[in-house]
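Q: Those protein sequence lines, which keep their order, are chains A and B.
Here my numbering runs 361 ahead of the position in the first sequence, where the first position is 1.
Here my numbering runs 46 ahead of the position in the second sequence, where the first position is 1.
Take these hints with a grain of salt, some might be off.
With the C-beta cut set under 8 Å, the calculated list includes, among others, these residues of chain B facing chain A [said to hold, decoys possible]:
1) A80
2) R87
3) V119
4) D122
5) E129
6) W161
7) F162
8) L167
9) R168
10) V174
11) S176
12) A187
13) H191
14) F193
15) M194
16) V195
Keep in mind that the hints were calculated from the coordinates and are not lab data.
Just so it is clear, the structure is predicted and the values come from calculations on it, not from any experiment.
Note that the Cβ used here is the ideal one computed from N, Cα and C, for glycine as well.
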Amino acid sequence: MDNVTVRAAGSHDLPALAALWHERMTLLLQFDRRFALAPDAREQWAEAAARWLATPECLIVAAERKADAALVGYAIGWIERAPLGLLPAQMGCISDMHIAAHSHQSGLGRRLLDSLRTWFRQQGVESLTIRAARRLPVEQAFWRALGATEWVDVMWMKL
Amino acid sequence: MIRLATVSDVPAISRLWEKLVAYHQALGQDMPAAVPDGAARYGRSLADRLDDNHTRVLVAEVDGQVVGYVLGVVVDLMPEIFEHHAGGFLADIFVEESYRGRGLGRALVRALEDWFRHNGLRYFEWHVASSNKSALAFWEAMGGHSFMVRMRAYIEPKKPDGAR
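Extracted from the complex, chain B is given alone in its bound form:
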């Protein structure tokens, strides 16, 4: 079941966020790590935004347990410069590993799309780690297109392991 998140879901969503960060960390060291109290901070921010008209948090519930979530926001991506109108941004999505392959991710995205449409939006954007090949395949199957790539570099060249 896909439903709107409530304050009582925040602890479960915070745990999922921790797993989302850990999942990305496993993809490569260049992916962001969580600060020590990151999940608590994320949870507090989420709780504050649940009533915000420009934010939507949906959860996937199976047998009374929250096993996935998606966070979307209405954003202003410089629409005065581009032809495009205001868009949506899918900030976070995660489904517990043992519940993947059941269409929960797709259902979360489709439900968020409905909300974006209801808000008069014509498109939405999101970020995917370039090393996350399964996620890229998922999004392409959903109809997504990559139009920009964020590349990463270091201010000082990285020294080889063991070098001083």
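Looking at chain A on its own, in the form it has when it is part of the complex:
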């Protein structure tokens, strides 16, 4: 997809990133009420993302359409330290990835992943984890096709 540039995101991207994030959460919410959002969630997320942009352990990459400079996808990578006493000492983590609905099937997901992979490699990270929604099998299938395997279930219970 040559009409899209993948680059590191900046603070000027925050409104567009928040809109993409909200689109993803709206999709997730259809499958799982666990993802119900607060009324001002988009603004809150943008504030949090502004902090992440200033964090050396985090990289947000954005996919920008050349024709109109609109963002059509993003991914967030983290360097995570292992819990106390465990190895490996650090791992990469992809906490979020989203491609705008009209840009699916364009190879963008793979390009965003490649961009994060390059950054992870520079940080000395050898393996990574990906957070995928349990009830979105398409999302899991995407990662499985790229060699990822199920590792840990994140579970919850009401009290």
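Starting from the known structure of chain A, arrange chain B on it as the hints suggest.
A: Okay, now just chain B, sitting in the frame of chain A:
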């Protein structure tokens, strides 16, 4: 008997933690290994946190011996974004193999739930190795739901055994 852990329990809990790590390692090579002095580090950290109001460590004691434990914390999982309020996180739970099937794991979880409720929490989360089928069955029987899966991949594709 389920009771609050004390500093004198830390060596026993550290040994249980070593067994917990070994148990997970036996599930597959992708599970985290312990650093050489991992148990000692874990024990020191635990001892420092026993008086922390946001941490709860409970032990299962049988005939004066600590045979299981659970570690829970109050956490802030971005509640400003989601409707959910602050939640709890069950970080570790382990029961000695020879004492399983007696309801000790369930009792530890229920006691931790009581503490979470006492702290005004409405839910809690925990992680389970996807390859640990008996643990997944245990948690589903307890009323747990899997809502996210953490998948694992390598930055460079893994080479087949023997390949250079």
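Q: Compare the structure with the hints numbered earlier in the document and write down the numbers of the violated ones, lowest to highest.
A: Those not satisfied are hints 3, 4, 6 and 12.
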